[in-house]
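Participant: Protein chains in written order, with this note's numbering: chain D, 32 to 119; chain S, 9 to 365.
None of these hints come from the bench; they were simulated from the model. What you are looking at is a predicted structure, and each value in this text was computed from that prediction instead of being measured. Take these hints with a grain of salt, some might be off.
Using 30 Å as the maximum straight-line C-alpha spacing, the simulated DSBU-like pairs for lysine-lysine come out as follows [what the hints assert, rightly or not]:
hint	chain 1	residue 1	chain 2	residue 2
1	D	Lys-116	S	Lys-150
2	S	Lys-130	S	Lys-264
3	S	Lys-130	S	Lys-324
4	D	Lys-68	D	Lys-116
5	D	Lys-116	S	Lys-264
6	S	Lys-150	D	Lys-68
Here are a few chain S residues that face chain D, going by a calculated C-beta distance under 8 Å [to be verified]:
hint	residue
7	Asn-153
8	Ala-154
9	Val-162
10	Ile-176
11	Ile-286
To give an idea of the interface, some chain D residues facing chain S are shown, with a C-beta separation under 10 Å as derived from the structure [unchecked claim]:
hint	residue
12	Arg-37
13	Ile-45
14	Arg-47
15	Ala-49
16	Ala-72
17	Gly-73
18	Val-81
19	Phe-85
20	Ser-86
21	Thr-90
22	Gly-93
23	Arg-108
24	Ser-112
Every residue gets a Cβ at the ideal spot worked out from N, C-alpha and C, and that includes glycine.
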Amino acid sequence: MRIQVRRTGGFAGIERRAEVDVTGRPDAQEWRSLAEKVLAAGHSTPPAVVPDGFSYEITVDGRTIRAADPRLTEDQRELISRVLKEGA
Amino acid sequence: MTTTHGGFEPVFCTIVPPHVLDRLARNEDPALHGPARRTLQRDAMERTRRHLTTVTGAAAVTPPAGKQAGQPHRTVYDAGHGTDLPGRKVRSEGQQPGKDASVNRAYSGLGATFELYLKAYKRDSIDGRGLPLDASVHYDEKYNNAFWNGEQMVFGDGDGEIFLDFTIPVDVIGHELTHGVTQHTANLEYQGQSGALNESVSDVFGSLIKQYTLGQTAAQADWLIGAGLLAPRVTGKALRSMKAPGTAYDDDVLGKDPQPATMDHYVHTGSDNGGVHINSGIPNHAFYLAATALGGHAWEKAGQIWYDVLTGGKLKSDAQFADFATLTVKAARERYGAGDELEGVKKAWEQVGVRTA
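Same shape as in the complex, but just chain D (with noise of 0.2 Å):
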């Protein structure tokens, strides 16, 4: 399973991408988890914005759902955090 997190907006207007591909990691039941419960509850079209608000894409195994700040879900938001701290 690969997940994909770009980011873009945000004040400095600077985008950010990175990626994890769990197959074979000790943890990848724990990714997978959390990555279907994100799609589970995801939308596909853009969500509404605020000024200088980031956006998010995440991509699982080729399905993109959107979201924005500061209207993350919980699952949204570890996910995001997880894939741009631990992926390249």
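Based on these hints, arrange chain S on the given structure of chain D.
Facilitator: Frame of chain D; chain S shown alone:
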């Protein structure tokens, strides 16, 4: 100024058609717009709420009883590295500074912003009616951003690697609060050219707040946005430069400042709501050119002209650069006649390649 209706509220059922609710929601009478807005919000939750903020501006908030006209009413909250807003109240108006530098900076920055709008433009807070100013600091963990959520300002601490605390530059605080002013006035749509104008207006007044605080003339100012925000290891001096868009940073991790200074280099992109933080470089540079041509304190003449356009009621929410530029030329003529000010403003837009009618 504010009327209360003694608990009476018309009841709106879901049989009221949405377009009627929508009209009611725009009504000036709180007895009408209050329940209509709440109904719309209940029905469609976040999406409608955001739409409402776009079409009507923010809901009016009643200033507290003790609030005097011409005095700020600031409250700073500590989000405690979480994401629930506003968080714990840590400093109210009139309280002495505490030990938390972020709280103190936010409080002072709100004061500086309030002061510029009041002294230079006779505007009582961001809605012109004494709206309380709220800010939350320490939002989330190592959060590399600051934003305006439609009701308050929110500041992250930065990760310390690329960004430092977002309360450090006073122009960032002024930028966020100016999003509130725009929301309550021209309400520029946050997309494409109108979105870039929204961003530019926030940079313009953010920079003017810094210049006013430091007592600088247009010639003395650094015209940087976010100076002091980048961590020491980053190669760059700020996030944006109004004097020389595209030159604020050039770094291995951050990349290079992508802002254009003129229409020749306008960036067409779907990201960042159509490049609102990128193409704002063009109107930013026009303001810089106008302000330096007019000379003296930039908030006095150039700032007044831009303020007249933002608040004059003629700027449409979907305005393009040329619409805004044309209105600044008109405003310059109305306020200062056919003189150097008018010529300076015209020439500034010409230099960045934006036509004025």
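Participant: Confirm or reject each hint.
Facilitator: Hint check results:
no. : hint                  : in the structure
1   : D/Lys-116 x S/Lys-150 : holds (11 Å)
2   : S/Lys-130 x S/Lys-264 : violated (39 Å)
3   : S/Lys-130 x S/Lys-324 : holds (23 Å)
4   : D/Lys-68 x D/Lys-116  : holds (20 Å)
5   : D/Lys-116 x S/Lys-264 : holds (22 Å)
6   : S/Lys-150 x D/Lys-68  : holds (25 Å)
7   : Asn-153               : holds (5 Å)
8   : Ala-154               : holds (5 Å)
9   : Val-162               : holds (7 Å)
10  : Ile-176               : violated (12 Å)
11  : Ile-286               : holds (6 Å)
12  : Arg-37                : holds (9 Å)
13  : Ile-45                : holds (6 Å)
14  : Arg-47                : holds (9 Å)
15  : Ala-49                : violated (13 Å)
16  : Ala-72                : violated (13 Å)
17  : Gly-73                : violated (14 Å)
18  : Val-81                : holds (5 Å)
19  : Phe-85                : holds (6 Å)
20  : Ser-86                : holds (8 Å)
21  : Thr-90                : violated (15 Å)
22  : Gly-93                : violated (19 Å)
23  : Arg-108               : holds (7 Å)
24  : Ser-112               : holds (8 Å)
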